Structures are given as structure tokens and as C-alpha cells.
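Trainee: One letter stands for each residue in the lines below.
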Amino acid sequence: MNHHRTLAPAQRLGLAAMLLLAAPLAFGHAETGAAAGFVSGFLHPLAGPDHLIAMVAVGLWGAFLGAPAIWQLPVVFPLVMAVGGVLGIAGVTLPLVEVGIAASALVLGAMVVLGARPPLWVAAVLVGGFAVFHGHAHGAELPHAANAVGYSAGFVVATGLLHLAGIGFGTLVRWPYGRIAVRSLGGLISVAGCLFLLRLV
Amino acid sequence: MIRLPAAALLLAGGLLLAPEAVAHSPFPGIRGLYTGFLHPLTQPAQAMLLIAVGLLLASRPYPARPAAAAALVIAACGGLLAGTLAPGSDPTLLLTGLVAAASLPVLLRRAVPGWLLVGLAGAAGGALGFACAPDPGALQDVAITSFGSWLGLMYFAAIITGALVAAGRRWPGQALEVGNRIVAAWLLAIAMLFTSLNYTETPNPWNTGSSASSPST
Chain C
0 MNHHRTLAPA QRLGLAAMLL LAAPLAFGHA ETGAAAGFVS GFLHPLAGPD HLIAMVAVGL
60 WGAFLGAPAI WQLPVVFPLV MAVGGVLGIA GVTLPLVEVG IAASALVLGA MVVLGARPPL
120 WVAAVLVGGF AVFHGHAHGA ELPHAANAVG YSAGFVVATG LLHLAGIGFG TLVRWPYGRI
180 AVRSLGGLIS VAGCLFLLRL V
Chain U
0 MIRLPAAALL LAGGLLLAPE AVAHSPFPGI RGLYTGFLHP LTQPAQAMLL IAVGLLLASR
60 PYPARPAAAA ALVIAACGGL LAGTLAPGSD PTLLLTGLVA AASLPVLLRR AVPGWLLVGL
120 AGAAGGALGF ACAPDPGALQ DVAITSFGSW LGLMYFAAII TGALVAAGRR WPGQALEVGN
180 RIVAAWLLAI AMLFTSLNYT ETPNPWNTGS SASSPST
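Chains as they are written, first to last, in numbering that gives the first Met the number 0: chain C, 0 to 200; chain U, 0 to 216.
Everything labelled a hint here was simulated from the structure, so no lab data went into it. No experiment lies behind these values; they were computed from the predicted model shown. One should not assume that every hint holds.
Stretches of chain U that chain C covers, calculated by requiring three or more beta carbons in the stretch to come under 8 Å of a beta carbon on chain C [stated by the list, open to error]:
1) 43 to 54
2) 173 to 182
Here are the in silico distance ranges between beta carbons for each label pair [as the list claims (entries may be wrong)]:
3) C:VAL124 / U:GLU176: 22 to 30 Å
4) U:SER88 / C:ALA89: 21 to 29 Å
5) C:ARG116 / U:ALA174: 17 to 25 Å
Even glycine gets a Cβ: it sits at the ideal position worked out from N, Cα and C.
Let the sequences and hints guide you as you build the complete structure.
Mentor: Here it is as C-alpha cells:
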């Protein structure tokens with residue numbers, strides 16, 4: 000059957016997101032001004048593996064939960080992350096930020112591997128709570144030489160694309176082997192989060 | 000043996016000669032026109048506002064859409080004039096504030112009254128025009144760059160809004176609306192972050208230098 004070989008829209012979106020995430024590698028010359036700020040912000044979530052796996056886990060879990068979580072979690076996350084970013088930029092101290100980021104990978108990965116299906120508001124609160132830690136880290140680590148709008152746009156877009164990449168991969172749950180693959184990836188993310196939490200990596 | 004048509008050979012010869020013809024500007028000031036035309040895309044805050052206004056106008060079949068488009072066109076002229084006569088102000092904070100104002104109804108799936116739609120589009124046009132105003136210089140250069148900026152604003156606003164409206168008609172389901180809401184959430188998050196960055200006490204290396212600078216160069 001030919002339709003088994005075609006990609007679903009969400010999978011195409013996820014593939015496009017992954018390709019876009021690889022795009023900064025193609026920059027052959029130094030950027031300045033707004034472009035430098037954008038590149039700096041775009042690379043920030045990608046440079047931290049703890050950020051990266053947690054963002055992918057949000058997308059995976061959203062895809063696992065299905066509609067409306069599949070799109071509500073990626074809407075909630077950047078907004079709450081921005082609140083965390085504001086706190087970080089303003090210099091408001093938030094305790095255990097790194098622990099919160101590692102815990103986000105551990106917990107969200109565990110949700111995927113366990114196939115947890117809590118009510119939507121519980122999922123949104125959980126994801127939003129972790130988003131504060133991620134946003135705080137991004138805001139507190141803002142390089143002063145960066146263009147503000149470009150930096151903000153870069154890291155929000157990169158975060159969103161990581162969610163889309165997770166959603167794209169997560170849509171494999173429609174198939175039995177895909178379900179195993181998605182839950183396995185959730186397990187790997189959870190283990191990695193545990194290692195980050197114990198500072199073993 | 001393959002025979003190339005005479006027209007193809009003529010075209011190839013013409014193309015080979017083309018680099019000679021574009022070695023200098025075809026007419027004075029054309030560079031300013033290009034600079035002004037592309038200016039809205041080179042500044043993130045301006046590009047974001049164009050997208051946010053496009054999302055707002057395309058989010059519902061508002062009866063006030065033509066009036067909003069007219070307000071944007073006229074206000075952009077006014078903004079360009081104001082920015083040219085009173086240069087030096089950085090409107091980035093205003094631009095991001097308008098990004099937030101235009102994104103919020105899309106994110107919340109709320110319809111805005113016609114007067115507010117027209118007001119937002121007009122404010123966006125004015126702010127974009129002001130931000131795109133060229134640096135002081137010779138009158139002819141300023142006029143050409145300003146015209147280029149106005150043309151660019153109208154072109155990109157029409158393309159973005161038109162594409163979103165057309166996509167809404169082509170794919171009337173929920174998927175496009177969800178995509179628009181996700182983009183609105185991103186825009187709102189970026190606007191919130193920029194606003195907070197603007198009010199921190201760190202030295203301000205983030206002056207985006209948002210005016211089109213062609214004439215002074």
C-alpha cells in the first residue's frame with residue numbers, strides 16, 4: 000500500500016523542524032547585529048543537551064497525549080518560558096534552576112515511557128512549571144553583546160522547533176513499532192535527565 | 000547533431016554580456032530603493048510586527064479588513080514622514096508592544112471590534128513607517144529610500160496577510176488555526192522577553208539601529 004510510505008503532516012513538520020535546527024551549521028561567515036543575536040539565541044537551547052532533550056520530550060509527550068495537548072503544550076511552554084526568562088533577565092534568583100532543568104528531562108521522559116495520560120491541565124501545569132526553569136536559564140545567560148530582539152526570537156524559535164521535532168517523531172505512536180520507538184526515546188531522555196540530575200555528565 | 004535555436008544562442012550571448020551592464024547602478028539612488036525595500040525584513044522587530052498584523056487580519060473574516068489595510072497604508076506614509084522629520088528615536092519597544100497587542104487576540108481566539116482592528120493596523124503602519132525612515136541626507140536620496148521602505152512595507156504586509164488568508168481558505172480546518180496560534184504564542188513570548196530586556200539596568204548594546212541608513216552612506 001503506497002500510503003504507508005508517505006509521511007503524515009506532523010511528521011513532515013517534524014522533519015522540516017529537524018532540518019531547520021541543523022541550518023546554523025551551514026553559516027559560513029560571522030554574523031553581526033540582529034543576525035548575530037538570532038544565531039546566538041537559536042543556538043542556546045541546542046548547545047545545552049539538558050535543554051534539548053527536555054524540549055523534545057515536551058513534543059513527544061504532546062504527540063503521545065494527542066489533541067488538544069499536541070498543540071496546547073507547545074503554546075503553553077514558550078509563554079511560561081518567557082516569564083521565566085523575564086525573571087532571569089531581571090536578576091530574580093530562582094533556586095535549583097539546573098536541578099529543575101534536569102528534573103524536567105527526567106519527569107517528561109518518564110511520562111512518555113510510562114504512557115502517562117493525566118488531565119490536560121495537569122500536563123500543562125507540569126510542562127509550564129518546568130518551562131520557568133528553562134526560561135530562567137536562558138534569560139540569566141543572555142550574552143550582553145547580543146541583539147535583544149534577535150536573541151529572544153532565536154531562542155523561542157529554536158525551542159519551538161525542538162517541540163515540533165519531538166511532535167514529528169511522536170506521531171510514530173500510530174504504529175505498534177513506532178510506539179515502542181517513541182517510548183524508548185522517552186526512556187533514554189529520562190535516563191539522561193537522571194544522569195544530569197546526579198551530575199554524572 | 001543537436002542544433003541550438005538561434006534565439007537560445009542570442010539569449011546566451013546576452014546573458015554573458017549582462018555582468019558588464021550591471022557593474023554600476025542603472026540610475027542614481029537605486030541602491031537606496033533596495034535598502035528601503037528590504038529594511039522591514041532585516042530588522043526582527045519589524046518583521047515580527049508584519050507577521051503579527053498578518054495573523055490578526057487573517058485570523059477571521061473581519062468586515063473591517065479593508066479599512067484596516069487602508070489605515071496601515073496611510074499610517075505608514077505618516078510614520079515615514081514623521082521618522083524622516085524627527086530622526087533619532089528607537090521605536091523597537093513600540094514595535095514589540097504592538098506585536099504583543101496583535102498576537103494576543105490570535106492566541107486567545109478572540110475577535111476584536113472593527114475600530115480596534117483598524118486602530119491596531121494603523122498603529123502598526125505608523126510604527127513600521129517610523130522605524131523604516133531613512134537617516135538624514137540629500138533630499139533625493141531620502142525620498143527614494145523612503146519610497147523603497149514604503150513599497151517594501153506594503154509588499155511584505157500584502158504578501159504575508161494574503162498568504163495567510165489564502166491558506167485559511169485553502170485549508171479551512173483546525174490545523175492552520177493551531178499553527179497560527181503557536182506562532183502567535185512565539186511572537187508574544189519574544190515580545191515579553193524583549194520588553195524585559197529593555198528595562199534591565201545592563202548597558203544597552205541592543206540598540207537595533209532600526210532606521211534605513213542609505214542616504215547618510
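Trainee: Give me the numbers of the hints this structure contradicts, sorted from smallest to largest.
Mentor: none
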